[in-house]
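Based on the provided sequences and hints, a complete structural model is requested.
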Amino acid sequence: MWLRSAANPYFQNEFEVGFEGITLRGDPDSGFWKGKATLVTGATGFAGGHLAEYLQSLGADVRCFVRSSQNLAARGPRIKTAVGDVQDYQSLVEALKGVDVAFHLAAITVIPETRAKVFNTFSTNALGTLNLLMAARERHVPKVVYVSTCHVYGKQTHVPIREDTPPKPIDIYSASKLAGESLALSFAEMYEMDISISRAFNHFGPRQRPDFLIPSVILRLLKREPLKMGNPRPTRDFAYVDDIIRGYALLGEKGESSEVYHFCSGIERTVREIAETIAEVASVKPDIRWNPEARRVDIQRSVGDYSKVRKELGWQPRVDFEDALKKTLAWYKTQPMVKKA
Numbered sequence: 256m257w258l259r260s261a262a263n264p265y266f267q268n269e270f271e272v273g274f275e276g277i278t279l280r281g282d283p284d285s286g287f288w289k290g291k292a293t294l295v296t297g298a299t300g301f302a303g304g305h306l307a308e309y310l311q312s313l314g315a316d317v318r319c320f321v322r323s324s325q326n327l328a329a330r331g332p333r334i335k336t337a338v339g340d341v342q343d344y345q346s347l348v349e350a351l352k353g354v355d356v357a358f359h360l361a362a363i364t365v366i367p368e369t370r371a372k373v374f375n376t377f378s379t380n381a382l383g384t385l386n387l388l389m390a391a392r393e394r395h396v397p398k399v400v401y402v403s404t405c406h407v408y409g410k411q412t413h414v415p416i417r418e419d420t421p422p423k424p425i426d427i428y429s430a431s432k433l434a435g436e437s438l439a440l441s442f443a444e445m446y447e448m449d450i451s452i453s454r455a456f457n458h459f460g461p462r463q464r465p466d467f468l469i470p471s472v473i474l475r476l477l478k479r480e481p482l483k484m485g486n487p488r489p490t491r492d493f494a495y496v497d498d499i500i501r502g503y504a505l506l507g508e509k510g511e512s513s514e515v516y517h518f519c520s521g522i523e524r525t526v527r528e529i530a531e532t533i534a535e536v537a538s539v540k541p542d543i544r545w546n547p548e549a550r551r552v553d554i555q556r557s558v559g560d561y562s563k564v565r566k567e568l569g570w571q572p573r574v575d576f577e578d579a580l581k582k583t584l585a586w587y588k589t590q591p592m593v594k595k596a
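Positions in the sequence shown are counted from 1; adding 255 to them yields our numbering.
There could be a bad hint or two in this list.
Simulated pairs of lysine-lysine, DSS-like, Cα-Cα distance not exceeding 27 Å [said to hold, decoys possible]:
| hint | residue 1 | residue 2 |
| --- | --- | --- |
| 1 | 540 | 566 |
| 2 | 410 | 483 |
| 3 | 478 | 581 |
| 4 | 372 | 410 |
Worth flagging that the hints you see were computed from the coordinates, not collected in a lab.
In structure tokens:
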């Protein structure tokens, strides 16, 4: 039996009622994850660190594949490290020994950095993925989740974007991630490997680097600095990191092989709306200085459709934008970079 929320058509089939009581549909099964050996590449990154902690909370034995354990934010009794580099095939083979589920998040993602380091970006994002896939095949890893990005869609005129929308990569970052997708799909076909692909839209939360939109606005507001912003009109789809990593865990548990899944809020917001909402939540009167010519915006509109993953896996976002901002603001207020201001 299913209970349906009438408040929002996206929030349907939220609760499953059974003999054990009410449980949230779209939650990973802790029984599945208990004792599962998992590998998370890119665990020193934003989403990777949160994913490692979440998997541990589900009972998984988590191995974080990192270039240096000194930068690992995730901590816990069932979190171990394997030091290596995705461009080093042998280190991946060693790290994947005995692994049940591998999540591949390691990538260069900051756009200015990707444009300045084109070869290194492609080598890390695409060839690193090839190494991961070959090593997973050698180790007979039962399940691989490749974490791609909504950026592969590039400039789209029709929104919301669905999984069957043709990708149009417009820079080396999106091209390298799409190349990784192609490799994942080819390995699934050639070697009958179980590989699922996620395309998450923009997400935010504690521990995100200040290079990205929301943390950069938060930090400047908390420091009472002017907000020097570019074009206020482009739109983005932002979800909270906890919702995104819950989706990744669901893919590791029951995502279909060779299928692509969106994780997003399904809500389109302009950059202006985002900045003004952050200021309102922070109770700060912002000094916003817009300059549309300051930075060329390649993608004018970006918003996803998550109906496929809602239907197939029961996933949907649960943390609304304002609550997510409050959680994120609370974390940044504890950081030395803000306290010293």
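Here is what the structure says about each hint:
1. Proximity of residue 540 to residue 566 is assessed by CA-CA distance (about 41 Å); at most 27 Å being required, the pair is judged violated.
2. Of the pairs offered as hints, the one joining residue 410 and residue 483 holds, with about 25 Å between alpha carbons and a cut-off of 27 Å not exceeded.
3. A distance of roughly 17 Å separates the Cα atoms of residue 478 and residue 581; the hinted pair therefore holds under the 27 Å criterion.
4. Between residue 372 and residue 410 the CA atoms are separated by roughly 23 Å; this keeps the pair inside 27 Å, and the hint holds.
Figure legend: structure checked against the earlier numbered hints; the only hint not met is number 1.
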